[in-house]
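Protein chains: 4
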Amino acid sequence: MSDEHDHGSDDGDSEADGESHHEPERETFSHDPVGHAEVRAGMTVGELADQYGNAGVGAADLHEAVDVTESMFDDDVTVFFGLAGAMVPTGMRRIVADLIREGHIDVLVTTGANLTHDAIEAIGGKHHHGEVHAEGKTEREHDETLRDEGVDRIYNVYLPQEFFADFESHLREEVFPVLEEECEEEGAVSIQRLTEELGRANAAVNERDDVDEGPGIAAAAYENDVPIYCPAVQDSVLGLQAWMYSQTGAFTLDALADMTPLTDIAFHAEEAGAFVVGGGVPKNFTLQTMLVAPDAYDYAVQLTMDPKQTGGLSGATLDEARSWGKLEKDADNVSVYADATITFPLVVAAALDRLEN
Amino acid sequence: MSDEHDHGSDDGDSEADGESHHEPERETFSHDPVGHAEVRAGMTVGELADQYGNAGVGAADLHEAVDVTESMFDDDVTVFFGLAGAMVPTGMRRIVADLIREGHIDVLVTTGANLTHDAIEAIGGKHHHGEVHAEGKTEREHDETLRDEGVDRIYNVYLPQEFFADFESHLREEVFPVLEEECEEEGAVSIQRLTEELGRANAAVNERDDVDEGPGIAAAAYENDVPIYCPAVQDSVLGLQAWMYSQTGAFTLDALADMTPLTDIAFHAEEAGAFVVGGGVPKNFTLQTMLVAPDAYDYAVQLTMDPKQTGGLSGATLDEARSWGKLEKDADNVSVYADATITFPLVVAAALDRLEN
Amino acid sequence: MSDEHDHGSDDGDSEADGESHHEPERETFSHDPVGHAEVRAGMTVGELADQYGNAGVGAADLHEAVDVTESMFDDDVTVFFGLAGAMVPTGMRRIVADLIREGHIDVLVTTGANLTHDAIEAIGGKHHHGEVHAEGKTEREHDETLRDEGVDRIYNVYLPQEFFADFESHLREEVFPVLEEECEEEGAVSIQRLTEELGRANAAVNERDDVDEGPGIAAAAYENDVPIYCPAVQDSVLGLQAWMYSQTGAFTLDALADMTPLTDIAFHAEEAGAFVVGGGVPKNFTLQTMLVAPDAYDYAVQLTMDPKQTGGLSGATLDEARSWGKLEKDADNVSVYADATITFPLVVAAALDRLEN
Amino acid sequence: MSDEHDHGSDDGDSEADGESHHEPERETFSHDPVGHAEVRAGMTVGELADQYGNAGVGAADLHEAVDVTESMFDDDVTVFFGLAGAMVPTGMRRIVADLIREGHIDVLVTTGANLTHDAIEAIGGKHHHGEVHAEGKTEREHDETLRDEGVDRIYNVYLPQEFFADFESHLREEVFPVLEEECEEEGAVSIQRLTEELGRANAAVNERDDVDEGPGIAAAAYENDVPIYCPAVQDSVLGLQAWMYSQTGAFTLDALADMTPLTDIAFHAEEAGAFVVGGGVPKNFTLQTMLVAPDAYDYAVQLTMDPKQTGGLSGATLDEARSWGKLEKDADNVSVYADATITFPLVVAAALDRLEN
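Chains as they are written, first to last, in UniProt numbering: chain A, 1 to 357; chain B, 1 to 357; chain C, 1 to 357; chain D, 1 to 357.
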């Protein structure tokens with residue numbers, strides 16, 4: 001057998017007597033034993049996050065994410081929050097709105113899709129749990145039936161299409177006219193102005209119509225002076241609606257105008273944190289914001305399911321972002337590679353728990 | 001614009017007055033609105049799991065997994081637990097041992113690697129947190145240094161190799177001799193007999209040497225008459241050690257003997273549940289057990305990160321297992337596709353919480 | 001043993017005599033035996049694709065993708081090509097440019113990042129193979145060194161930052177001034193106008209400076225009247241440059257203007273095909289284009305590594321798009337879930353092979 | 001704007017004149033420009049692999065895999081081939097058999113499932129292409145129907161269950177009796193002895209019954225004196241059948257016996273290469289083989305879809321294996337993270353192409 005390494009020596013005597021052996025000098029690691037996670041009934045999410053700290057791989061990453069998030073939620077840190085993917089249709093809307101209201105988010109970068117679904121719920125529409133395919137139908141036939149019945153499917157969440165008609169009315173009555181007037185006077189409005197007015201309208205209609213579901217993310221942002229940036233707004237039903245309305249009047253959107261105030265915020269941030277859920281444009285745009293600031297992010301948390309070896313930006317590690325100057329050299333950053341609908345509520349709950357204690 | 005679907009009609013009047021519209025008849029879904037997860041400081045894991053039930057995709061799967069696990073932990077259900085992957089080195093050891101002691105696991109199917117690491121910790125060895133690569137070294141150079149320094153790396157967990165020497169002594173002194181005698185009398189022993197004796201020895205040494213870390217999984221199984229099956233034991237350091245010892249005496253292992261008692265347990269189970277963490281042999285062997293029983297699993301939970309379109313068994317859906325007769329037609333089954341070091345503690349904590357309330 | 005299914009009957013006699021048994025009636029599948037892929041030295045890519053057709057899972061999907069692509073490249077089909085991810089830095093630039101020149105792409109939707117990198121190569125910059133971390137450095141330290149040395153890393157591809165200075169000059173001298181004049185006269189220009197002028201300038205400079213590398217994608221599009229749409233242009237260095245330039249003059253971009261001509265093309269397409277590499281905005285925007293057309297895509301191919309159960313759009317199945325009316329009910333569509341830098345050249349090579357024979 | 005990095009300087013003059021700039025000294029990378037893949041109709045797979053060498057990420061990995069495989073197929077290298085996953089049902093059987101016959105595989109480590117399916121095809125059974133769910137059925141209902149109709153599903157490949165009855169007869173008539181006799185004389189037989197006899201019987205029946213499909217992997221191994229190791233044989237229908245037969249006679253399997261000859265081969269190999277398709281036991285057992293040899297693998301290629309951050313062995317990087325002494329410090333190793341049904345035929349075809357030229 002090999003002398004190379006000690007997976008078992010022929011002479012077992014030296015260990016036979018149970019003596020502890022002195023640990024050889026090693027540069028490869030410091031004493032940091034892996035503990036074991038322990039769970040019990042009634043434990044809090046904060047306690048679970050602590051237990052994760054005893055474990056390895058994903059659990060350890062999540063534990064670290066809670067630490068970094070706790071630091072980020074400190075008052076002196078300007079938090080840039082990137083929200084991608086179908087986070088609103090999948091039930092994450094409330095958590096984001098609450099974070100905004102509690103002052104933990106200073107800037108939001110998201111997709112037109114999330115704003116669309118957020119608005120639909122604000123004005124009374126509802127997404128429904130469904131199946132990827134219903135009883136008695138294949139996935140393909142089921143999608144064909146959905147199409148015939150006017151129901152859109154987002155994985156296993158349904159959205160009846162009449163809600164899109166409501167959304168259109170909402171925009172044409174409550175949102176676009178004011179913006180069109182501004183366009184008549186000043187030229188194109190910024191996309192942020194659109195999201196701001198959308199938030200105002202969502203809040204107003206939600207209250208006026210006494211809608212069960214809360215007013216949501218855009219409303220919370222409006223009411224708390226948190227700007228929402230949506231660089232790819234055309235890539236959504238909101239964008240389609242804006243385009244259709246723009247055909248018949250002065251209303252249009254300026255694609256670049258938002259980058260000035262956003263850069264200002266980044267420039268003036270004492271400390272900056274990036275919290276990114278999912279990948280895509282919200283992630284890249286959030287990180288890119290620091291390219292033209294003298295400082296970069298001091299804190300960064302990324303919750304994503306995208307594997308990192310694909311070369312695409314969404315799975316790119318935050319360390320890679322360091323090469324671009326998007327992260328400070330000594331930034332606290334961590335990525336958790338798991339389904340964000342599981343990790344996001346968990347990280348937030350645990351971080352809030354820490355802040356309270 | 002298309003008449004095809006209602007992503008916005010030119011005539012907004014009918015919706016303008018805010019009337020609720022009657023919902024058309026739809027077979028594609030029933031009223032089951034997606035709620036939104038809400039989190040707060042101090043919430044329990046059980047409450048978080050409930051909140052997941054409001055959400056979609058992974059969160060909804062996890063919520064369902066908690067439900068099914070709660071059902072499985074009922075006394076009348078015989079639980080077959082499959083544990084793959086590096087669950088012991090990554091901090092999951094305690095949870096599994098506790099589940100065994102609490103009577104929630106009736107049969108354990110696992111890998112030689114997990115038994116190896118479990119034993120090492122029982123007798124006083126420790127895994128350590130480390131980096132995938134240490135300061136000042138590339139990943140490759142770092143692994144070369146680890147090799148030179150006698151440290152094995154499992155992703156970002158380290159294991160100094162002298163612990164393998166301890167493990168060998170442990171086996172040669174406390175475990176193999178008794179088995180060798182049995183072999184001299186009765187021929188080869190079963191693999192389960194090996195795991196049983198290993199558990200007995202782990203418990204004994206752990207107590208005798210007053211080791212800080214608990215006696216672990218195999219010890220708990222031994223003390224609670226829970227058989228451990230390990231079909232691929234040769235594929236591990238435990239298996240290597242067994243082989244080396246077998247060179248010099250009568251000791252050897254029977255590859256098939258365990259399938260008889262395992263089949264008996266399956267045959268006589270009133271209700272059966274399969275809880276599978278990871279994939280690989282433990283998963284397949286656990287599911288396969290039902291192939292020769294008249295009934296199949298009534299409950300099944302799978303926690304895995306393996307994507308399901310690869311064709312490999314690890315990512316195979318539990319529904320696919322239904323075609324093989326491994327699941328009852330009306331089995332409650334769910335898969336959660338996310339890092340198991342995150343989901344496993346979470347699901348167990350929430351299920352225990354439910355059982356208590 | 002179970003009577004449930006025939007994984008082995010005790011009575012082997014009936015099969016023992018080697019008689020073929022009549023196949024019972026089954027609705028679950030038709031006779032379509034899986035063959036086996038066979039490979040040999042010197043085989044063409046087209047032949048390899050044929051062999052994939054004998055196999056299952058990913059290989060079968062890829063085979064089907066070749067079929068659909070072949071159909072799409074037919075002259076009567078208007079092809080909308082979505083290109084996401086870091087496809088230019090990872091060596092896919094030439095293939096896309098060639099497809100445009102050969103008339104196989106009618107509309108291109110892509111990211112600002114791809115246009116940025118495409119331009120940089122057109123004017124003489126080069127990406128370099130590198131390591132995720134260089135000898136003697138950790139991944140993090142390496143990224144810090146890259147930062148100090150002015151080199152950006154995209155996974156394992158490097159881009160020295162002086163090329164971004166060249167890119168800026170290129171834009172400020174060759175591209176923006178013309179557009180600024182148009183803005184002075186007509187108000188904001190469309191993003192497509194920007195990409196068009198960029199392509200013209202890339203072609204001109206590439207020739208004038210006798211650059212080794214070809215003029216690239218935007219140049220090919222310009223020379224072949226293929227419009228390039230880039231809804232999220234602000235999310236890129238190109239967008240940053242546009243913004244900086246817009247600070248000092250009349251130049252700005254209209255976020256919505258492109259949706260009119262794009263919708264026209266979709267409206268008038270006899271048959272339409274969507275070929276999407278990666279996910280993100282290019283994918284969604286390409287599929288969304290059909291929402292306001294009476295017809296939808298007849299053909300769709302998606303090459304992506306995004307797993308489909310995450311709920312995010314990038315991994316959404318094309319079948320899901322059917323529920324939204326983005327695909328015709330009888331559309332030929334297929335997704336290949338694998339690294340696109342591997343599958344894209346392969347699918348294109350095989351499809352071109354088919355077209356020739 | 002930041003002085004930190006050169007994403008654009010306000011002063012464009014220095015680059016405006018088109019001068020080439022001297023490249024600063026950099027340790028981070030050497031001149032190794034990324035080219036661009038180019039494809040054309042009629043190109044060979046070898047040419048495609050060369051083109052991948054110009055590209056990045058997965059394509060570059062695949063190119064390197066071809067290089068390493070070419071080296072491995074050299075006569076002086078002893079190749080240990082690990083085959084996991086459902087590679088036989090998904091059409092990869094022929095390629096492996098051919099590699100064995102051409103002398104490119106010296107040792108095979110695989111799963112009982114692959115041997116089962118390989119034998120079934122050898123004796124006349126066929127797998128069929130199917131759908132994950134058939135027309136008019138949900139995935140779950142479809143699997144229930146499959147179960148009722150006696151058809152097993154492996155993702156989208158079907159296997160009628162009567163073939164399992166044939167397989168049982170085959171084993172009981174052609175394979176087990178000889179082994180039972182050996183057991184009566186010498187005690188348990190090794191698992192390799194079982195696979196050897198299975199291969200002999202597959203070849204014999206395949207010829208005798210004039211079966212269309214080739215005799216397959218085990219037959220090729222038998223005819224070329226290539227030992228097949230299957231440490232987890234119990235975890236398969238083959239294992240179930242062996243167990244059932246063992247109930248009624250002297251036949252049984254020795255779980256450890258194979259490790260002696262396998263270690264001998266490893267010990268005496270001048271140069272050793274590991275080619276691993278998929279993960280699981282075949283991968284680990286193949287790599288583990290070198291733990292007790294003075295040398296380790298000089299070459300290693302891994303084709304897998306398992307992401308590497310899960311902590312499980314299947315996705316573990318080959319670099320990690322270096323820390324365990326399973327790879328030589330200067331081993332040529334590469335992993336390609338993509339669907340193996342796509343990459344495996346491709347890599348083999350290209351490597352064979354290289355060998356011929």
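Treat the hints with care, since some could be wrong.
With a straight-line cut-off of 20 angstroms between C-alpha atoms, the simulated EDC-like cross-links for lysine to aspartate or glutamate are [said to hold, decoys possible]:
1. A:Lys126 x B:Glu144
2. D:Lys126 x D:Asp210
3. C:Lys126 x D:Asp98
4. C:Lys329 x A:Glu38
5. D:Lys329 x B:Glu144
6. B:Lys126 x B:Asp209
7. B:Lys126 x B:Asp212
8. B:Lys126 x A:Glu38
9. C:Lys329 x C:Asp295
10. C:Lys126 x C:Glu185
11. A:Lys329 x C:Asp264
12. C:Lys329 x C:Glu271
13. D:Lys126 x D:Glu207
14. C:Lys126 x C:Glu38
15. B:Lys126 x B:Glu213
16. D:Lys126 x C:Glu207
17. B:Lys329 x D:Glu144
18. D:Lys329 x D:Glu271
19. C:Lys126 x C:Glu186
Just a few of them, taken from the derived set where beta-carbon distance is under 7 angstroms, the chain A residues facing chain C [said to hold, decoys possible]:
20. Glu144
21. Cys183
22. Glu184
23. Ala188
24. Val211
25. Gly249
26. Ala250
27. Leu355
28. Asn357
Worth flagging that the hints you see were computed from the coordinates, not collected in a lab.
Backbone N, C-alpha and C fix where the C-beta goes; we use that ideal spot for every residue, glycine too.
Going down the list of hints, with the structure as the test:
no.: 1; hint: A:Lys126 x B:Glu144; result: violated (56 angstroms)
no.: 2; hint: D:Lys126 x D:Asp210; result: holds (14 angstroms)
no.: 3; hint: C:Lys126 x D:Asp98; result: violated (42 angstroms)
no.: 4; hint: C:Lys329 x A:Glu38; result: violated (51 angstroms)
no.: 5; hint: D:Lys329 x B:Glu144; result: holds (6 angstroms)
no.: 6; hint: B:Lys126 x B:Asp209; result: holds (15 angstroms)
no.: 7; hint: B:Lys126 x B:Asp212; result: holds (10 angstroms)
no.: 8; hint: B:Lys126 x A:Glu38; result: holds (17 angstroms)
no.: 9; hint: C:Lys329 x C:Asp295; result: holds (10 angstroms)
no.: 10; hint: C:Lys126 x C:Glu185; result: violated (37 angstroms)
no.: 11; hint: A:Lys329 x C:Asp264; result: violated (49 angstroms)
no.: 12; hint: C:Lys329 x C:Glu271; result: holds (14 angstroms)
no.: 13; hint: D:Lys126 x D:Glu207; result: holds (16 angstroms)
no.: 14; hint: C:Lys126 x C:Glu38; result: violated (39 angstroms)
no.: 15; hint: B:Lys126 x B:Glu213; result: holds (9 angstroms)
no.: 16; hint: D:Lys126 x C:Glu207; result: violated (58 angstroms)
no.: 17; hint: B:Lys329 x D:Glu144; result: holds (6 angstroms)
no.: 18; hint: D:Lys329 x D:Glu271; result: holds (14 angstroms)
no.: 19; hint: C:Lys126 x C:Glu186; result: violated (37 angstroms)
no.: 20; hint: Glu144; result: holds (5 angstroms)
no.: 21; hint: Cys183; result: violated (11 angstroms)
no.: 22; hint: Glu184; result: violated (13 angstroms)
no.: 23; hint: Ala188; result: holds (6 angstroms)
no.: 24; hint: Val211; result: violated (24 angstroms)
no.: 25; hint: Gly249; result: violated (12 angstroms)
no.: 26; hint: Ala250; result: violated (10 angstroms)
no.: 27; hint: Leu355; result: violated (28 angstroms)
no.: 28; hint: Asn357; result: violated (31 angstroms)
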